[in-house]
Amino acid sequence: MSSLYILIGVSLIVSAGVLALLIWANKREQFEDPEGPKYRILDDD
Amino acid sequence: MTISVCRHCGAASEEEFCCDGCRTAWDMIHSLGLGSYYERKVGVVTAKVDPNVFVVEELFKDCVTENPSGTYSVVFFITSVRCAACVWLVENIIKKQSGVLSVRVNYATYRTVLEYDPAKVDLKTILLAVAKAGYPPVATNPAVSNKEKKDIFMRFAVGAFFTMQLMMYSFALYAGYFNDMPQTTKSVFQVISWVLATPVLIYTGKPFFLNSVKNLRSFHASMDLLVALGSGSAYIYSVAAIFLQREIYFDTSATIITLITFGRYLDIAARHKAKSGLLSLFSLIPMFARLKGEGDVYAVVPVGQVKEGDTLRVSAGDRVPVDGVVISGNAAVDESMLTGEAIAVGKAEGDTLYAGTVNTDGVIEMRAVSVGKTTVLSKIIAAIEASDISKTRIINIVDRVSGIFIPIVLLIALLTFAVHLYLGSGVYEALMNSVAVLVIACPCALGVAAPLSVNEASSRAVSIGALVKNGDAFELLSKLDMVCLDKTGTLTGGKPKIEEYKSYIDEKKFLSLSAAAESYSNHLLAKTISTFAAPIKHKLISFTEKQGKGISATLEVDGESYDLAVGRFDYVKDFCKRPMEKLESRGKTEVYTVISGECAGYFLLTDPLRPEAEEVIKSLRRRYRVELLSGDNEGVLSSIAEKLPGVTYKAGLSPFDKIEAIRDYQKDKVVAMVGDGINDALALKEAAIGVAMGQKASDIAVESADIVLVRTDLRIFERLINLSGKTVKTIRQNLAWAFSYNLVAIPMAAIGVLHPIVSAISMITSSLIVVINSGRIRRAA
Numbered sequence: 001m002s003s004l005y006i007l008i009g010v011s012l013i014v015s016a017g018v019l020a021l022l023i024w025a026n027k028r029e030q031f032e033d034p035e036g037p038k039y040r041i042l043d044d045d
Numbered sequence: 001m002t003i004s005v006c007r008h009c010g011a012a013s014e015e016e017f018c019c020d021g022c023r024t025a026w027d028m029i030h031s032l033g034l035g036s037y038y039e040r041k042v043g044v045v046t047a048k049v050d051p052n053v054f055v056v057e058e059l060f061k062d063c064v065t066e067n068p069s070g071t072y073s074v075v076f077f078i079t080s081v082r083c084a085a086c087v088w089l090v091e092n093i094i095k096k097q098s099g100v101l102s103v104r105v106n107y108a109t110y111r112t113v114l115e116y117d118p119a120k121v122d123l124k125t126i127l128l129a130v131a132k133a134g135y136p137p138v139a140t141n142p143a144v145s146n147k148e149k150k151d152i153f154m155r156f157a158v159g160a161f162f163t164m165q166l167m168m169y170s171f172a173l174y175a176g177y178f179n180d181m182p183q184t185t186k187s188v189f190q191v192i193s194w195v196l197a198t199p200v201l202i203y204t205g206k207p208f209f210l211n212s213v214k215n216l217r218s219f220h221a222s223m224d225l226l227v228a229l230g231s232g233s234a235y236i237y238s239v240a241a242i243f244l245q246r247e248i249y250f251d252t253s254a255t256i257i258t259l260i261t262f263g264r265y266l267d268i269a270a271r272h273k274a275k276s277g278l279l280s281l282f283s284l285i286p287m288f289a290r291l292k293g294e295g296d297v298y299a300v301v302p303v304g305q306v307k308e309g310d311t312l313r314v315s316a317g318d319r320v321p322v323d324g325v326v327i328s329g330n331a332a333v334d335e336s337m338l339t340g341e342a343i344a345v346g347k348a349e350g351d352t353l354y355a356g357t358v359n360t361d362g363v364i365e366m367r368a369v370s371v372g373k374t375t376v377l378s379k380i381i382a383a384i385e386a387s388d389i390s391k392t393r394i395i396n397i398v399d400r401v402s403g404i405f406i407p408i409v410l411l412i413a414l415l416t417f418a419v420h421l422y423l424g425s426g427v428y429e430a431l432m433n434s435v436a437v438l439v440i441a442c443p444c445a446l447g448v449a450a451p452l453s454v455n456e457a458s459s460r461a462v463s464i465g466a467l468v469k470n471g472d473a474f475e476l477l478s479k480l481d482m483v484c485l486d487k488t489g490t491l492t493g494g495k496p497k498i499e500e501y502k503s504y505i506d507e508k509k510f511l512s513l514s515a516a517a518e519s520y521s522n523h524l525l526a527k528t529i530s531t532f533a534a535p536i537k538h539k540l541i542s543f544t545e546k547q548g549k550g551i552s553a554t555l556e557v558d559g560e561s562y563d564l565a566v567g568r569f570d571y572v573k574d575f576c577k578r579p580m581e582k583l584e585s586r587g588k589t590e591v592y593t594v595i596s597g598e599c600a601g602y603f604l605l606t607d608p609l610r611p612e613a614e615e616v617i618k619s620l621r622r623r624y625r626v627e628l629l630s631g632d633n634e635g636v637l638s639s640i641a642e643k644l645p646g647v648t649y650k651a652g653l654s655p656f657d658k659i660e661a662i663r664d665y666q667k668d669k670v671v672a673m674v675g676d677g678i679n680d681a682l683a684l685k686e687a688a689i690g691v692a693m694g695q696k697a698s699d700i701a702v703e704s705a706d707i708v709l710v711r712t713d714l715r716i717f718e719r720l721i722n723l724s725g726k727t728v729k730t731i732r733q734n735l736a737w738a739f740s741y742n743l744v745a746i747p748m749a750a751i752g753v754l755h756p757i758v759s760a761i762s763m764i765t766s767s768l769i770v771v772i773n774s775g776r777i778r779r780a781a
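So the sequences go chain by chain: A and B.
Under this note's numbering, residues 1 to 45 are what the first sequence spells out, in order.
Under this note's numbering, residues 1 to 781 are what the second sequence spells out, in order.
One chain only, chain B, in its complex shape:
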């Protein structure tokens, strides 16, 4: 018995379609000329699975917390949620369970928080209800929470609140300076300012002071130190000033901290957004296996229960649960998540299967060889998670500038003290003036100089077709030395071209018959052949397709019947009466046609470079070193490299070889990696800048990348490089403006004529210029 899958819905079916509904849908889609829908459909085949296998209670144990009132709270993800209607459905299914007190599904991250009464309902019942509706719940590590973001938001909000209150009194004091405010009123306002500035310094400013202590221990000057120095000295100076009846700088102290915290918040919020999608990695891990028991009975068990040496069955539409070897049966397995190769690979007895790949047809029995954390997929995922921590971080441009600025300011403060002392002012006067230098040292605009520019650049990037997940990518791209590219899907467009063909019979007959038979298949290669020549006028008698291998059809032409088989060598050779000869393909894909038991001819197809890719590579080559890293064979790559002068290549690389190559280059270079498959995912993570290509990029590649191009178009990447240059230039300009106003104020402080109004005005002006200057990026590139 052969089990194949329904051509429309992908459910296991012995017929071509599982039901009339699917046949109607398939006919309709084709009659509208939208057959390519079936290529776009990702993760086509999902066989019906017992919802029980998704709900393994041990997995959800860590997600549950007990509330003081005796109820339980659970946090988990629902990955198959697609739209607002799904959220509504899931929420209402859960709400209908008695004992559920509240439920919320986050629209952006699909994080589900629910509270229930353990006396009335158990978790399993609730999760099962959701899984039954087709939304398998995924357990999550509660450590992946948004604590950091929430914390910094709170610090910013409190800081902004008190700073605004403080400003009212500061303005009154400024006005008082011109209108001769009575000393008592002035003192009252100053004390109120003190009260309002204190929480900003202590609460909002706490991270800066903690980091500064860390930096000081390692003799490393950073932006945090500059902020702590400026705001701290302004605060202490002002406290002293209240008692000495001088001018106060509490507003300066509070504004610096608040504005720079705002910059940090922008940064963290952006990072957080990029990170929250990470869990889709886990959705690639198969959840169940069909374990062979006594007497040919197959039990569906959670994949965690599979042991090495177990015999498993993989039906059409299933994900291969663990790494193993085929014992019997054969099937076409879609390995695109591992290799990026879009065409399913035929597997027969003795072939290796990898966990997470999808069986697209046929039924196979396999023996588990490696399970759990030792499968290739688990290793890749573990490596990706680990590299998140080890990823080389560049030293921030702002930190670098701060590092230079701090010693200069300290030196000026010291000089001020010495000079005043030398000129005969008292120790007290000299000290006040030198502290005033420190007060004015830290520019408010410093904190927003980079985040604002990066924000603007990110939104500009979206409009040219790139999503930048990591703001550092702009700075790194501007320092780029080398670009590595994957081949399939990145350089080649997945639009095969017939390079040559040979016919052993009448050429016209060979072409028109092949075209006619292939027109019934949705396969990429089949489509190329079916449009290459005009199909002969015919009547279709029968048609069967082996996905990824070939088709066989019986056609009636002018009353004469032809049995055709078109496809890969291994497939068509069984249709030929005489033994067939396999060609040397030299980097090309061969498709053979057998007509009525005789080999009629063959086609040689190549996957040519996209015209835009060729152009972009040539222009990149002028500025950077360019290398192709591919899993393909030497022949394919050398023929491509011929067309791209100056481009080097490495062939036959495994995903792990790709990391090695990149790691090696990164010893002295800034490397960008462009790719699309899961086989590139590790390399995308490892490279300083990972770029995932196009809509067809696998989820895992998108997760690993710093930049995602929304269209399969390398020109976007080139424009992004230009945008990065512009962005970094703007950041530099911003920093120059931020510091220049302080440079004006520092001499005034050193002489001893600085007034809070000057300090306030210079800070506001420089901040405004920074905001406006960042806005210019929108028109860039």
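The shape of chain A in the complex, shown without the other chains:
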């Protein structure tokens, strides 16, 4: 049964990482312009 508690711990740590990623992405305005990127791939810089 103790393996369960280890796995819970691991899953919580992993999800904390995902949450950090989400907050980071929102701060970096990754969700600001959903239109732009599809055009930008056509512009070869």
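Incorrect hints may appear among the rest.
Under the rule of at most 27 Å between Cα atoms (straight-line distance), these lysine-lysine pairs were calculated in the DSSO-like manner [said to hold, decoys possible]: (1) B:LYS539 / B:LYS509; (2) A:LYS27 / B:LYS206; (3) B:LYS149 / A:LYS38; (4) B:LYS96 / A:LYS38; (5) B:LYS573 / B:LYS508; (6) B:LYS509 / B:LYS479; (7) B:LYS479 / B:LYS508; (8) B:LYS577 / B:LYS502; (9) B:LYS147 / A:LYS38; (10) A:LYS38 / B:LYS95; (11) B:LYS509 / B:LYS577; (12) B:LYS150 / A:LYS38; (13) B:LYS537 / B:LYS502; (14) B:LYS573 / B:LYS527; (15) B:LYS618 / B:LYS650; (16) B:LYS150 / B:LYS206; (17) B:LYS549 / B:LYS502; (18) A:LYS27 / B:LYS150; (19) B:LYS96 / B:LYS149; (20) B:LYS527 / B:LYS509; (21) B:LYS549 / B:LYS509; (22) B:LYS667 / B:LYS479; (23) B:LYS669 / B:LYS479; (24) B:LYS549 / B:LYS573; (25) A:LYS27 / B:LYS147; (26) B:LYS497 / B:LYS618; (27) B:LYS479 / B:LYS650; (28) B:LYS527 / B:LYS502; (29) B:LYS149 / A:LYS27; (30) B:LYS650 / A:LYS27.
Derived by calculation from the structure, the hints in this document are not laboratory data.
Assemble the complex: chain A is given as a structure, and chain B must be docked to it using the hints.
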């Protein structure tokens, strides 16, 4: 010297065309029979302007913020961006400036964010480079940011994240209920659920609790209160339950908050999208003026520097910079942005000019009378911005239902407590059961019942040809009492019809010669006349056109030469050798023909009702009061009202009179206003529901409206009213479903047999039904 404009590109030119290229283009377009291009072209004339006038550094001061690293960030708008290629061009022009660190132009809103190193480059250089390429930058108030949207998105995302995590443990607990989970494992899972539910309640739920406190202070029950009550009591109950080894409701608490925040996000995102276009109002404000200095020198200055009494020159293609009076010269001025009248108005000495209108030909000198915030245009824009705040908001249907539901739930909770106590259970048992009633009180589906339906209805509206910018419009339309309509462009189609004509010479000659001469003009009235009779076979010797006034031409027919002048009275009277008599027009437009110095006859034209408009008005009249609000004269309106039984009208109204009229009706009615010009913009804002009509609607009308019809077709409006009825019905059904499942669960909670599984299943089922039911709107109307 007369300066006129190039017939193709609109640049100032002494010839008919400014260059061979333009002539070729004009010929090509006409040879393909696409001459109406020139009517479609909006804002035709743009004279070449020194880019310096767009870049006034003081204006951009507020847009700049200093970053901790010492670099500067600027946010501004580039309004003339049209497509993806423009965005690419602007980005690359800016990137080429040394010292620019990064630049991003948003494809949807044209909001430009750039970061630069102030040690290497100054802002003016960058802005000038963009302006030179033909994309004038527009300063923006940094307060107009998407902070609100970003904030609610973050709250939803965090809430959804923790709720999903929480669900895993909740499911384990549900399964454990059937499989006899050991008490220690159960306790561990419950504590983990507690940890995961807490951020949802505190962070995502914060706005609900803050609003509830506000509502409580004003004794006003709303949806926020119901959400706070349900989720808060579920949370507190569950914390107690962990220690008392009972079942927990953390999942209920978290799901309510997250789902309802999602509904709010949908709502705010839609509102935000509609709002982001607002800046195009400012693009109507002229940016520069040609100020007369010493010795007939004209300096191009920013419009802000013009003072009352200054003498200004307005060349062909310029926007009139400030309100004023013509001192000398004459020109046809396009006032359509103010009046909605498509035909340019002739202006001569002593006539009043309004800021923002466009001089289409000729050169005039004017004296500035009112400048800055006192011009008519500025007043209209200021009024529109102000009314954004004061606009009457209806009390949301969901808030209304919540207001009734809350006292009922509180009463049931109280009764539960009393009854359990009376039946002999302990205080503790009675309290737990009454709190359980509150826990189940708030339906998750409540938050999405309205936004989902409105979303579906909006996409349905797009497919029938209407853009609904404000979701409240559906609810308001379903309560409509009265429809006010503008005349020009809304009821009449801009397809003039010849009502009658009179010829003083041989009738056939009069008609065929007039038609021949008019066939060289693109003017709407000219086209009507040129297609009315078959043009005579002829050779064109010369042709000149005064926009909005008339044409003069010399034609050779069978070796004989005719000098023709066709147009408005003021224009043709100079071509006539004898004094001409002006007719009583009685609401009709007169066009006179002068042939070789003799008045040959006249046409009387009217702008008839579009057939579909007549039909729709008659059917609207059966359900609502209908009134025409127009700037036109009494004669025109009374002749139209004759054809529309039961329709009242008000004639000769200024834009400000229109608001007064609507404000007056709105004291006891829900009013919809349909219009298309900038003269209607204020009325569109003031009315509970503003509807901008068709592709030809001015930008400012489109901005002010709640609903934009994509075609000039009133039937869309009628269908939209039907769609609104259906939408509101669906919202009501959704609410009924949302609450009905809670009504099933409440008695169970009151008796004391409620289990988290029942709560979870009832919430999921009601949410699903709401989603599916909203989808039905797609097939409506």
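Of the hints stated earlier, which fail here? 6, 7, 19 and 30
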